[in-house]
Structures are given as structure tokens and as C-alpha cells.
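Undergrad: These protein sequence lines map, in sequence, to chains A and C. So the number in the numbering used here is just where the residue sits in the first sequence, counting from 1, plus 180. So the number in the numbering used here is just where the residue sits in the second sequence, counting from 1, plus 180.
What the hints contain is simulated information worked out from the structure, not anything from laboratory work. Here the structure is a predicted model, which means the values were calculated and not measured. Please note: incorrect hints may appear among the correct ones.
All copies of an identical chain are treated as equivalent in the list; a pair is satisfied when it fits inside any one copy or across any two copies.
Here are the simulated lysine-lysine pairs, BS3-like style, with alpha carbons at most 30 Å apart [as the list claims (entries may be wrong)]:
1) 182 / 200
2) 266 / 304
3) 259 / 561
4) 490 / 182
5) 561 / 486
6) 304 / 360
7) 374 / 182
8) 374 / 231
9) 523 / 360
There are 2 protein chains.
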Amino acid sequence: MKNFQYYNPVRIVFGEGQIKKLSDLVPKEAKVLITYGGGSAERTGTLDEVKTALAANGNRSVFEFGGIEPNPEFTTLLKAADMVNKHGIDFLLAVGGGSVIDGSKFVALVSSLTEDDSTVLRDKAWDALLSGCSTIDTAIDLGVVLTIPATGSEMNNGGVVNHSERQAKLPFRSPLTFPKFSILDPTKTLTLPKRQVMNGVADAFVHVIEQYLTYPVNAKVQDAFAESLLKILVEEGAAVKADPENLETRQNIMWSATMALNGLIGAGVPQDWTTHMIGHELTSLHGIDHARTLTILLPSVMRELKDSKKDKLLQYARNVWALDSKTDTKQDDDSIIETAIVKTENFFRSLGLPVSLADAQLDESAIDPIIKQLEAHNMVKLGEHGNNDLAVSRRILERSLTSAA
Amino acid sequence: MKNFQYYNPVRIVFGEGQIKKLSDLVPKEAKVLITYGGGSAERTGTLDEVKTALAANGNRSVFEFGGIEPNPEFTTLLKAADMVNKHGIDFLLAVGGGSVIDGSKFVALVSSLTEDDSTVLRDKAWDALLSGCSTIDTAIDLGVVLTIPATGSEMNNGGVVNHSERQAKLPFRSPLTFPKFSILDPTKTLTLPKRQVMNGVADAFVHVIEQYLTYPVNAKVQDAFAESLLKILVEEGAAVKADPENLETRQNIMWSATMALNGLIGAGVPQDWTTHMIGHELTSLHGIDHARTLTILLPSVMRELKDSKKDKLLQYARNVWALDSKTDTKQDDDSIIETAIVKTENFFRSLGLPVSLADAQLDESAIDPIIKQLEAHNMVKLGEHGNNDLAVSRRILERSLTSAA
Numbered sequence: 181m182k183n184f185q186y187y188n189p190v191r192i193v194f195g196e197g198q199i200k201k202l203s204d205l206v207p208k209e210a211k212v213l214i215t216y217g218g219g220s221a222e223r224t225g226t227l228d229e230v231k232t233a234l235a236a237n238g239n240r241s242v243f244e245f246g247g248i249e250p251n252p253e254f255t256t257l258l259k260a261a262d263m264v265n266k267h268g269i270d271f272l273l274a275v276g277g278g279s280v281i282d283g284s285k286f287v288a289l290v291s292s293l294t295e296d297d298s299t300v301l302r303d304k305a306w307d308a309l310l311s312g313c314s315t316i317d318t319a320i321d322l323g324v325v326l327t328i329p330a331t332g333s334e335m336n337n338g339g340v341v342n343h344s345e346r347q348a349k350l351p352f353r354s355p356l357t358f359p360k361f362s363i364l365d366p367t368k369t370l371t372l373p374k375r376q377v378m379n380g381v382a383d384a385f386v387h388v389i390e391q392y393l394t395y396p397v398n399a400k401v402q403d404a405f406a407e408s409l410l411k412i413l414v415e416e417g418a419a420v421k422a423d424p425e426n427l428e429t430r431q432n433i434m435w436s437a438t439m440a441l442n443g444l445i446g447a448g449v450p451q452d453w454t455t456h457m458i459g460h461e462l463t464s465l466h467g468i469d470h471a472r473t474l475t476i477l478l479p480s481v482m483r484e485l486k487d488s489k490k491d492k493l494l495q496y497a498r499n500v501w502a503l504d505s506k507t508d509t510k511q512d513d514d515s516i517i518e519t520a521i522v523k524t525e526n527f528f529r530s531l532g533l534p535v536s537l538a539d540a541q542l543d544e545s546a547i548d549p550i551i552k553q554l555e556a557h558n559m560v561k562l563g564e565h566g567n568n569d570l571a572v573s574r575r576i577l578e579r580s581l582t583s584a585a
Numbered sequence: 181m182k183n184f185q186y187y188n189p190v191r192i193v194f195g196e197g198q199i200k201k202l203s204d205l206v207p208k209e210a211k212v213l214i215t216y217g218g219g220s221a222e223r224t225g226t227l228d229e230v231k232t233a234l235a236a237n238g239n240r241s242v243f244e245f246g247g248i249e250p251n252p253e254f255t256t257l258l259k260a261a262d263m264v265n266k267h268g269i270d271f272l273l274a275v276g277g278g279s280v281i282d283g284s285k286f287v288a289l290v291s292s293l294t295e296d297d298s299t300v301l302r303d304k305a306w307d308a309l310l311s312g313c314s315t316i317d318t319a320i321d322l323g324v325v326l327t328i329p330a331t332g333s334e335m336n337n338g339g340v341v342n343h344s345e346r347q348a349k350l351p352f353r354s355p356l357t358f359p360k361f362s363i364l365d366p367t368k369t370l371t372l373p374k375r376q377v378m379n380g381v382a383d384a385f386v387h388v389i390e391q392y393l394t395y396p397v398n399a400k401v402q403d404a405f406a407e408s409l410l411k412i413l414v415e416e417g418a419a420v421k422a423d424p425e426n427l428e429t430r431q432n433i434m435w436s437a438t439m440a441l442n443g444l445i446g447a448g449v450p451q452d453w454t455t456h457m458i459g460h461e462l463t464s465l466h467g468i469d470h471a472r473t474l475t476i477l478l479p480s481v482m483r484e485l486k487d488s489k490k491d492k493l494l495q496y497a498r499n500v501w502a503l504d505s506k507t508d509t510k511q512d513d514d515s516i517i518e519t520a521i522v523k524t525e526n527f528f529r530s531l532g533l534p535v536s537l538a539d540a541q542l543d544e545s546a547i548d549p550i551i552k553q554l555e556a557h558n559m560v561k562l563g564e565h566g567n568n569d570l571a572v573s574r575r576i577l578e579r580s581l582t583s584a585a
């Protein structure tokens, strides 16, 4: 196991009906800006529930900012940051999924980047994003009401912001952007469109893979926890498809997705993130849902990097898919690994997700622009060994053109 | 899954050589009291290492309080609290295992219970302990350098204090006693006496069991994580016995013991703690090591409560010990459960630990006094259903007289 620090001060408030706890969780005297996405927070009544809970505590200063996009847009978020300054907001309450939370974290950070205490300087905010927001040393407090289990943003301090005009989707992270609390009410996920549910399961699955499928360092707790989450996501992915009304399944998916990216399974182990970094460019250039970029790319990442990931791929085959070259003498290591990859593809397919660029109506002409953007964003040393250069990324993309299985 | 809140702000600093990070972790201007136990912190050089790290940051005001007992004594801890007040200490640095950490948490809480800002009022401190310290609303900051993996106290806010004269060992808990940080250097565990190592493995194992072996609520993440920890502790318990010098084994034991009682696997699931509550009386009356009281009692708890725990016992048999009545048609549920209990006993025995009162040189005459103390401490509604009364505790103790297997 590698040396590590693990620190995660997010208070999780989990369960049906917990939104009413907002009356205790948000300081009574706070000036609150509720941030949300499309109309679903309004349509489903969650927004009203949130406002009622705040009012129950005597919160009078409650403002709203809707319209944060599925890939939160830099320009939209800057408008929210301006609103923060205009009204003297000191508490952001993100109501939504990963995009709203990520976006709100960015708002919390960049609000201070002004000259006259009102309008946020766009250039400064862009520069900050390019440096992963490491230059910003103040942030507004943030709370979360999670409605989509997927990204894990509700229990970590990172985010991703999209800049359509610049065709860039960039990650940031700050010790200041751990949410003070996150309310996880699984009943809120019962009304999600099927597409978002399945995307969420796949997103969480690949988050685990990025922290697991590298090389062994004999970190037994982290590996066993990661394998547990992968198996639960496979099981509950099938369950939610078969019985979308089952609340227990929704509970398990929600808590799995949070645990998939709260730092715990990644502490003390190498991490990859190649799939994510190439995937961001696919979203940025073609608007493909984040999770779907991951399911398109992951099988090719596994195949292309089969040698350097061999030990962990065999462990993955054994412990997640119950394949074992030791007991199944007919199969050698390579075929065991290929079987595990095919099972992974079939799992994604079973959720209705694409596993190739062709599945997303893209062909070879998509590759050059992606490589160019990876270069522009300095994504030239990806992976747990830092040696996935542009040539490796190109081969991954070429493998992804059509499904191998 | 039940509704839950999970909050754990302890910063874990894990790995070889991390004690030097104290220079960043302890505020430079703090008046520090280093608390420790017997002579081992001195003998092994850990105390010097700690002092050197503090000095590197320019910490000048460093005091020491040694001699905290394996079951930290109320009267000893009050002396430390007096020292806190005498020197205006504002940071406690616990160097040791669970007893030193538990004791230091108690010191952090009771220091304020004075009339004239110097001597802590003994009666007030005792009353506070009887109420689980819930009446205390201030505490001194606490940091930890962990040397014995076992209790999990390094990453939670609870503790247990012993009062020999009153023959009481009582738990307390406070939102104020999460350590600010805990340094976990697995190399520090290489010099531990074998008895402490094995006690630690068993202690962590039973911590997991108390949060797992109840009744099913379909909490897949919590169950899978619990089963992972149990299997790792069985595996690494054997490994550390076979090869005590193996650092990777020590790493896995250390992180497992922390994860066993940091709130995570217990969030959203029923919990038992019968074994612990009866065990505390055994320690209090007979001075038996905490972990050994647990290994004496647990098999009997499993047998006595076999019916109410049946579903989870079968799950335990299947997922931890690979026993399954579905595939092994020769065995019915009852015999599968009994086999799992025997395997648990044999695991404890393999670590050199007792599995009956006879193994600890106690006979039937020990039972009445234990029951009397359970009654005195209001331990009359134990277990996940709150219906383990004194009659149940008596039957558990009677079953524990000699090993059933």
C-alpha cells in the first residue's frame, strides 16, 4: 500500500424524508442561493420541498438560480457567481446531480474573483480553471440535495466544468469545496428517466475501475471494497432495470455511487483516469453524456493496456466476474481477461449504453480532433504510470471505433 | 437500509515515516500535552520521534503525561486533566493504542469541569461519564499517533473509561472528540508484543461483527464491506502469525482495524454490541484484556441468539466462511451455522486467544457478579432488538463456561 492522506468531512444525511433536515443543516441567518438544473427539480416538487424546509427554519433570504446544464457551462456558472456577489449570498445549496454540484462548487470558488466586488472577472475565472482552481483560497459554503446518484460529487471536493466555445471540459479540485452536508434521499431517484439511472450506474462503475484497475499494491481493504462496489453495481444495475420501483435497489445504487468516489477506495492505491480524460473530450466535442463516453472507451482502455494491467485484470476477472484461469484450465490468462472485458461490455449493453464510437454514430474522422484537444489540454501523460501519451490515446480510440466483441 | 447520518472529519495520515508530518499537523503556537501509556512509547523511540517532529515546527510548549493504563483509569485521567488546566494545554497528542486515545478523549472533555479553573471536580467528571459525556459542550483539540491497530478509536469519537474502585467500565461519545488527525505508521506495529497484535486482530473482527451480525436490511454496501473486513482479518491474522515481519500484512491489519469502527459499516444498519457490554464487565471484574473478553463471549452470543440472527448467520457462513446450505445438501441451516461458529472459535484459537471462561480460569462463580454489574450499569436491554435482558446475558455466560466445540 502507498502512503496516503484521507480526509472527508462531508456530513451525509441519508434516507427518505431527510430534506426536512435542511432546517437544521443550513444556518438560519444565511443568505442562500439554491442552484439547480433543468426543470426537473421544479416538476418533481423537490425544489418546493427544499424551500419549505428552509422556510421552516425561518430562512428568509433564499434566492434561486436554475438552468445549470448537464455539462455545467462556464458562462452559466459565472452568471450564478455574479448573482452571489449581487445579493451577498453566503450559502450555496445545490439541488440536483453531479453537474449542478460540480457547477456550484465552481461558483463557490470563483465568486471571489472580482475587482469591484460584483462582476466576476471572466479571464481570471478561466485562468483559475486551467490551474484546477488551485490558486483560489476562499470559497462560499456549499450544501447538497442529491437527486441523481452517479458522480460522487456530493461527497468529494472535485468537479468538472465545460466551456463549449473553447471545446474544453476541465477538472478542478479544492480543499474548500467539500460540501458541508449532502442529503441523499433515494426516493428522489424513483422519478429519474431511465437513461439517467443507467448512466449513473455506469458512471459509478467506471469511477471504481479508475481507482482499481491499475497494478497491485496489496491494498486488501481498498481492493475488496472496490470489488464489492463493482459487484453491487452489476447486480443492482440489473435489478433497477427489472424493477424500477424497488426502493431498496435505489438505496444501494445511491450509496454505492457515493462510495465510488469519496476518496476511500482510492486512498493508498495507484489511480488511472485515462478513460475519463479521453471521455471528457468526447463530451466536449460531441455532447455525448459523460457516462456514455466512459462505456464507449473503457473496453478499449482495458484491451490496449492489457499488459500493464494484467495482474489487476486477472484479479478483476476472478473477484468480480468469478472467472479463474486456475480453476478453468481450458482458458489461459489472455482469454480469461478477454472474457472479463466482454462481460463488462455486455453489462454496459444491458443498461442500454454504447460500447463503441459506432454506437454513438461516430467514425474514424472523430479521432484526430479528439487527439488535438487532448494535446491542447495537456492530457499527454495519462494513466497510473503516466505513460499513456497521445499515441496510446489514439490506439484506444481506434480500438473503440467498433466493438471487438 | 435504515436512514442514517454519517460524518467523520478525522484526517488519516497513513504510512511509514508519517510522524514527521506532526510538524504541519499540530499548530505551532499550541501548548501540547503528549499522553501515552506504559514505557513502550519511550522504549521504541516513538516518543522521541514525536518530540523531534514537534520541535521541527518550533513547538516549544510540549508537556508529557505517561502511565495511562491498558484500561484507562478514571483517576489517572483526572490527573492528566488537572495537568491540562495547570499548564493551559490546548492540544492533546495521544501516542499509543485505543486506551491512550480513549483516555485522552476523556481528558479533552472533562478538563473544563472545574470550579476555579484548575482542579477538575471528580464528582462532576463521574456524573458526566455516567451520562456518556453528553452533558459536556467543550473539548480540547486532540491529535493521535497510533501504535496499536485494534480499537478504531483513532477514527471515531467514542471511548471507554475504567473505574477500578467502582468496578465500572463505561462508554462515552461526543461530537467534540473526533481526533483532528491520526497518524497511522504501520512500521510502529512491527515491535508490538504478539499478544497485542492478536488481541488487535480479534478486537477489530468483533467490532465488525457487532455491526453486521444482526438482521438483514438489504444494505449491500455495508454488508459487503463488513464481510471484506472479516475475511481480510482472518487472512491477515494467519499471515501475521506466520510472518510477523511482513509490513504489507501490518498495513492491511492497521487499515482494517480503523475501517472496522469508523462509523462507515455501521451506517444505516442495526447494531448489536451485546458482546462488548458483557465483555466490559469481565474486564472490569477480572482484568481480562478487552479483546479476550470478546473472543470468550462471541461464540456464545452467536449460539444463544441463533434464532433472531439466523438470516445474518447464514449470510456470514456463506460469505465469510464459504459455507452454503444450498450447495452443501448434506448440511441443514443449523449445522451450517454451527460450523461457522466453530470456524470463528478456531480462528480465535489460532491467534492464541481464549474462547471460554474456562480458558480464562473462570468458573460458574464468576457469573452472578457479572450479572449484578450489568444491572448496576443499566445494561438490561442489549442487542439490536433491545431485548437481551439479564436472563439472556446469564445464558450467554453459562454457554461460555466451557467451549461447546
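Undergrad: So, against the hints stated earlier in the document, which numbers end up violated here?
TA: 3, 9
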